[in-house]
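*Asks:* Sequence:
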Amino acid sequence: MRRALPCSRERQRRREREAVSPCRAVPCSPDHLSRCRGRPAKFGSELISSQPLLTVSLQLYSSPAAGGWSSGSVLAMSDVSGRFVVAAAVVAVSLAAAAASAAHDYGDALSKSLLYFEAQRSGRLPYNQRVRWRGHSGLTDGLEQGVDLVGGYYDAGDHVKFGLPMAFTVTLLSWGVLEYGAGVSAAGELAHALQAIKWGTDYFVKAHTAPTELWAQVGDGDSDHYCWQRPEDMTTSRRAYKVDADHPGSEVAAETAAAMAAASLVFRRAGDAHYAHLLLHHAQQLFEFADKFRGRYDESVEVVKSYYPSSSGYQDELLWAALWLHRATGRRDYLDYALANADDFGGTGWAVSEFSWDIKYAGLQVLASELLVEAKERRLRLSPEQRAVVEQLRSKAEYYVCSCMNQNPGGAEHNAGRTPAGLLFIRPWNNLQYASGAAFLLTVYSDVLSALGEPLRCGGAGGEEGGAAGDAADVLAFAKSQADYILGSNPMRTSYLVGYGAAYPRRVHHRAASSASFRHDRDFIGCLQGFDSWYSARRENPHDLVGAVVGGPNGEDVFTDHRGKYMQTEACTYNTAPMVGVFSKLMQLEGQQPRRRRPEEAGPAPAEDL
Numbered sequence: 010m011r012r013a014l015p016c017s018r019e020r021q022r023r024r025e026r027e028a029v030s031p032c033r034a035v036p037c038s039p040d041h042l043s044r045c046r047g048r049p050a051k052f053g054s055e056l057i058s059s060q061p062l063l064t065v066s067l068q069l070y071s072s073p074a075a076g077g078w079s080s081g082s083v084l085a086m087s088d089v090s091g092r093f094v095v096a097a098a099v100v101a102v103s104l105a106a107a108a109a110s111a112a113h114d115y116g117d118a119l120s121k122s123l124l125y126f127e128a129q130r131s132g133r134l135p136y137n138q139r140v141r142w143r144g145h146s147g148l149t150d151g152l153e154q155g156v157d158l159v160g161g162y163y164d165a166g167d168h169v170k171f172g173l174p175m176a177f178t179v180t181l182l183s184w185g186v187l188e189y190g191a192g193v194s195a196a197g198e199l200a201h202a203l204q205a206i207k208w209g210t211d212y213f214v215k216a217h218t219a220p221t222e223l224w225a226q227v228g229d230g231d232s233d234h235y236c237w238q239r240p241e242d243m244t245t246s247r248r249a250y251k252v253d254a255d256h257p258g259s260e261v262a263a264e265t266a267a268a269m270a271a272a273s274l275v276f277r278r279a280g281d282a283h284y285a286h287l288l289l290h291h292a293q294q295l296f297e298f299a300d301k302f303r304g305r306y307d308e309s310v311e312v313v314k315s316y317y318p319s320s321s322g323y324q325d326e327l328l329w330a331a332l333w334l335h336r337a338t339g340r341r342d343y344l345d346y347a348l349a350n351a352d353d354f355g356g357t358g359w360a361v362s363e364f365s366w367d368i369k370y371a372g373l374q375v376l377a378s379e380l381l382v383e384a385k386e387r388r389l390r391l392s393p394e395q396r397a398v399v400e401q402l403r404s405k406a407e408y409y410v411c412s413c414m415n416q417n418p419g420g421a422e423h424n425a426g427r428t429p430a431g432l433l434f435i436r437p438w439n440n441l442q443y444a445s446g447a448a449f450l451l452t453v454y455s456d457v458l459s460a461l462g463e464p465l466r467c468g469g470a471g472g473e474e475g476g477a478a479g480d481a482a483d484v485l486a487f488a489k490s491q492a493d494y495i496l497g498s499n500p501m502r503t504s505y506l507v508g509y510g511a512a513y514p515r516r517v518h519h520r521a522a523s524s525a526s527f528r529h530d531r532d533f534i535g536c537l538q539g540f541d542s543w544y545s546a547r548r549e550n551p552h553d554l555v556g557a558v559v560g561g562p563n564g565e566d567v568f569t570d571h572r573g574k575y576m577q578t579e580a581c582t583y584n585t586a587p588m589v590g591v592f593s594k595l596m597q598l599e600g601q602q603p604r605r606r607r608p609e610e611a612g613p614a615p616a617e618d619l
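Numbers given in the working numbering equal positions in the sequence shown, counted from 1, plus 9.
It is worth saying that the hints were derived from the structure and are not from the lab.
All C-beta atoms, glycine included, are put in the ideal place defined by N, C-alpha and C.
Warning: the hint list may mix true and false statements.
As the list claims (entries may be wrong) - Here are the simulated distance ranges between beta carbons:
(1) L461 with F533: 55 to 61 Å
(2) T569 with F533: 44 to 50 Å
(3) H571 with G280: 45 to 51 Å
(4) E565 with P464: 31 to 37 Å
(5) P464 with A219: 46 to 52 Å
(6) R528 with K385: 50 to 56 Å
(7) P220 with T244: 31 to 37 Å
Stated by the list, open to error - Derived EDC-like pairs: lysine to aspartate or glutamate, alpha-carbon spacing no greater than 16 Å straight-line:
(8) K215 with D253
(9) K301 with E222
(10) K301 with D253
(11) K314 with E386
(12) K314 with D231
(13) K301 with D255
(14) K215 with D157
Required output: the full structure, derived from the provided sequences and hints.
*Replies:* Right, here's the structure in full:
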């Protein structure tokens, strides 16, 4: 009998399309009009009007200067080995007023979040690998095609390396470190953050084998989902797929350019000018490739359509990458490109209520809003025409922020859904990716409002001038409410960050975490054997996937801790990535002192373990 696929994203995507349209943008782009028509009522719409915003009185902490994270931080790093030695002196944290002791330990959450990425590593693991139940895997990736594609990250609980969400993960990690690196450094986690970013960018350097050639995927999702095996035992196809001039893939090429541009800024600030230059060189080539040879990547790599199809097209990624390249290089031509194309590419037209690996509009609109801060501080000169475009982008950023906070006029049609307890709810499959992304964007935008000294204005999708709907503290308070919900301030009293607190998911939908460690049990686990021995077992996973943010509860705040409930229990790298910056900001905001890590958490694994 053919075994059902418990982790099939294609089956789930059919279900979610029946439940709610994936398009929550106004206006609908022409090529997705059919998917936007006839939208059903938004989830939680009947609850929005009666659910008050969760607000907390907060003091704003001014972000560090653009030149670095800490005047007392010293970083020594090896370009060749990728190992970093960080000696971070105490970062002076100035708080306007000290609040009462925080309900959550954000420093602990930050440390655990960064640990998660080590569990998702593919390739030959380093000597200082801290997640010791993992072993080497995917050591022949690319061999069939004659290229070295060893390394990178598995996106979730399976073993395919999808280029688009991997690049998005690295972009968000880098952005978080750029904005809130002082807190990451103060927590003693800067080295781990750099390692998490570099594990991805090292892979992107390998995958970019020619100016107009990028390997976009390794592995086959269909065959992978038929098996429940540890990555160390993989027997499924490791075929690699690429985009090139004849088979373009602008989404994945532009997102990888954005990731490498953002990461180049991180490593330049960290003192590794050589590696930063290498990343920037690849980023510029990839952007030129994405722009010159335009085309949807899921039409060139058709096997990705069942898992990570592009519903918004590639124009948002082109704007996103151009803005990141401007920030990384300071070159006006990238800024001119972004602003000149903002209207045609939908940047000034799309008013959205979600931010994800697919739909980048809210992210680029918030990123563009930071240009106004640079202009105010006289670090950037904008012409009147350019300022007008940036203001239009900012108005769409505010639409997103106001939608998350249920402040847009027009009711449920123009505001994101909400659970009864106040969690943003976009759709039932892996909903926390949207909540974590929103928490990060709102955290960044609260800093924009604070720097500009202006209130939040909510005028609707058409860009109408709205009245003041709050201030920077209100925006940050809502971001904090989402982070706190993830950490356990919810009706289930469950942390959805694995390993944090006393109660958290113990049966995460994850092949490696749910199986015996390869270190201690080297007996081969067959493709279907894993379903019988591990997937179907009712017992808790033998390993906690520490730091993973799982899919989360349903629209009624109910969570079922069961491997088969993959909509709720599967975690993805892009769920956790934005929380690194959020936890760093909140840790400093609350004046928390970083906890002292236990030796077993910080020390390298013995050589025999790997």
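*Asks:* State for each hint whether it applies.
*Replies:* Going down the list of hints, with the structure as the test:
1. As the Cβ distance of L461 to F533 is approximately 59 Å, the hint placing it in 55 to 61 Å holds.
2. At roughly 31 Å, the beta-carbon separation of T569 and F533 lies outside the given 44 to 50 Å, and the hint is violated.
3. For the pair H571 and G280, the beta carbons lie near 46 Å from each other, so the given range of 45 to 51 Å is met.
4. In this structure, E565 and P464 meet the distance hint of 31 to 37 Å, their C-beta atoms being roughly 34 Å apart.
5. Checked against the given bound of 46 to 52 Å, the beta carbons of P464 and A219, roughly 49 Å apart, stay inside it.
6. Distance hint check for R528 and K385: the Cβ-Cβ separation is about 54 Å, which falls inside the suggested range of 50 to 56 Å.
7. A hinted range of 31 to 37 Å holds for the C-beta pair P220 and T244, which are about 35 Å apart.
8. Taking the CA atoms of K215 and D253, the gap is near 15 Å; set against the 16 Å cutoff, the hint holds.
9. For the suggested pair K301 and E222, the alpha carbons sit about 13 Å apart, so the restraint of at most 16 Å is met.
10. With a C-alpha separation of about 11 Å, the suggested pairing of K301 with D253 holds against the 16 Å cut-off.
11. Distance check on the hinted pair: K314 and E386 sit about 44 Å apart at the alpha-carbon level, beyond 16 Å; violated.
12. About 11 Å separates the Cα atoms of K314 and D231, which keeps this hinted pair within 16 Å; it holds.
13. Restraint check for K301 and D255: satisfied, since their Cα atoms lie roughly 12 Å apart, inside the 16 Å limit.
14. A hinted pair counts as satisfied when its Cα atoms are at most 16 Å apart, and K215 with D157 qualifies at roughly 7 Å.
Hint violations for this structure: numbers 2 and 11, all remaining hints satisfied.
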